[in-house]
Amino acid sequence: MKDFTKKYTEALEKQGAQAGKKSDAEVLARARAHFAEKLHGVDTPAPSPWRFLVPALSAAAAAAVVAFLAWPETPLSVTVRGQPGTTADFVLAQAGDEALDFSDGTEVLLRRDSQLRVTQVTAHGADVLLEKGAAHVAVVHRDKQTRWNFVAGPYRVAVVGTRFELRWNPETGGLEVEMDEGIVEVDGPGLSRQRVTTQQKLEAFSNPPRASLYLETPPALADATRQVTPPSVRVLPKERPAPAAAAPEKPRAQGPTWRYLAEKGDAQGAMQAADEAGFGWLTKSLPKADVLLLGDTARKARQPAYAREAWLQVRERFPGTRAATDAAIRLGDLAANVEHDDARAVKWFALAVKEAPNADTAPDAMGRWLDVLVRARKQGEAKQVAADYVKRFPNGAKVAEARELLQ
Amino acid sequence: MSQVSPKVAFAGSDERLLEALVARRPGAWLAFYDRFAPYVLSVLRKVLGADAELEDLVQEVFSRALEGVGRVRHADKLKPWLRSLTVFTARSLLKKRRWRRWLPFGGPAGGSDEDSLENSGLPALTTSDAVQERLVLKRVQVVLDRLPVDERLCFTLRHFEGLELTEVAQSVGVSLSTAKRRLWRAEEVFNELVKREPEIRGWLAEGRSFSS
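Those protein sequence lines, which keep their order, are chains A and B. With my numbering, letter number 264 in the first sequence gets 264, and the count goes up by one each step, no holes. Here my numbering = 1-based position in the second sequence + 407.
Hints may be right or wrong, so weigh each one.
Partner residues are not named here, just some residues of chain B that face chain A (Cβ under 8 Å, in silico) [to be verified]:
no., residue
1, G434
2, W436
3, L437
4, L448
5, K453
6, G456
7, L461
8, F469
9, E540
10, V543
11, V547
12, P555
13, G580
14, S584
Think of the hints as simulated: they come from the structure by calculation, not from any bench. Note that CB positions come from ideal geometry on N, CA and C, so glycine has one too.
Please take these sequences and the hints and turn them into a complete structure.
This is how it looks when you write it as structure tokens:
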């Protein structure tokens, strides 16, 4: 029995570390980051009930309090992932990406062939110098004192709490800041506290100083933003071609993002860009709407395996959400119309209905379910689903078809 | 290539940590998390198996801890208190899932798509299920899912987490005799169900069964 317990618990832990599953470290780091967000306002000192007592209880007690108050000034720690118990002052990513984990949950993923220095670490953030290359940054906002600075050449990117990609090419003097979410402020040649917000991309060159701000947002919003943007920054709606692309100084590593290309309708180009950025990593790190879009883009680019991977990630990462149900419907559609696996399609559609019976997705999922059953000549099951459909959605788009089937 | 130096982490005692938590010192809660989160995750995994919601549950346990730490008087109670919170968080999830199963269009009862697909007779999503070890894990989960929630908690805490009976009782918030009764019933049902599970039997020594 003890043998069983030992084997079972070991197998449980092993399964947690298998490929495709989140490792314990990942699970704990992500939960820590969320927990850190919740701490905002909680971990501030409460008013002491002793504040009205005689101020000098004893010199020893005062010394203890002073020593204790030194706690908040303990700087964050930083380690290179995969090298536990270590911290990183200088990191050069030679063979592949290198991840830096800060003790507050902040993560810096240094891309291959890039190098950075952590020049200062405080209790509330750090100063990081990106000497060359690219890094993806995910800063955890803990409180109002949170301060992070990323320096690249003459530019300084001030961060409060956000996720973004930073690229710096010292040869061309080109900087690129591409936001996933949040806000940063960039100072440097031609820029003064230039704000870059969610889904915007800033391209800047130091000599001669110039900058372009790309908005991956609807034109209406782009117009609104134009009024508050300094003259040195050109605001470009996403539909317009990026003029910086023609600039000779454009760093070689730069290129339109997969999202930009996907929204332009260039599915093949978007998939190539996603592949370069790391398709798997994108599906594991992007917000759910983006992962769904990534799957749609893969499907459009006739890459069903990638589409399937993206949608399965949505279901794994966001169970119980509307996006998970949308992903189930997409997986069903993929099985029915691309993989020609009616049995699997039926099961995905059935799951979508079961998961969200009252959502506006239910009639569509049930209609598709019915279609597949009819096509597969499963009369008995089709009649059951048709009867249920008529009963639940008397005004549904498929109701006439369902009634006909029941006659 | 990287230059390295030792990691800075809170190295004080639990007493010091508890004082800091009650006084709401900045950084104390993250230090508390760093110290105990691996243990919380381990307990959750023993009770629930490889569940897709472990990350959310870890977060939930510590969120609950934020509200209740004022009730902990002694540092040596910190870990048992947190274990109890963990068990009750897992219990809420199991109860919620069980309740959903009774609803005509309730959500998936299992913790992952693969589980819910399997439980509902749907095909597995991957082919790696053939691995024997994984099969046993899955079958154990199926058997555990058939135990009443409170009995399952006693069983997993006793046999998988390895707690003493008094600790089991304390963790689930019942008297020692109630814990013993639940454990005894759980062992009986588990042993009975396992007879129909050749994969699990293969892992148990011949003729052996679970008992306290």
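Taking the hints in turn, this is what the structure says about them:
{"no.": "1", "hint": "G434", "in the structure": "holds (6 Å)"}
{"no.": "2", "hint": "W436", "in the structure": "holds (5 Å)"}
{"no.": "3", "hint": "L437", "in the structure": "holds (6 Å)"}
{"no.": "4", "hint": "L448", "in the structure": "holds (6 Å)"}
{"no.": "5", "hint": "K453", "in the structure": "holds (7 Å)"}
{"no.": "6", "hint": "G456", "in the structure": "holds (7 Å)"}
{"no.": "7", "hint": "L461", "in the structure": "holds (6 Å)"}
{"no.": "8", "hint": "F469", "in the structure": "holds (5 Å)"}
{"no.": "9", "hint": "E540", "in the structure": "holds (5 Å)"}
{"no.": "10", "hint": "V543", "in the structure": "holds (7 Å)"}
{"no.": "11", "hint": "V547", "in the structure": "holds (6 Å)"}
{"no.": "12", "hint": "P555", "in the structure": "violated (20 Å)"}
{"no.": "13", "hint": "G580", "in the structure": "violated (24 Å)"}
{"no.": "14", "hint": "S584", "in the structure": "violated (23 Å)"}
When held up to the earlier numbered hints, the structure conflicts with 12, 13, 14 and fits the remainder.
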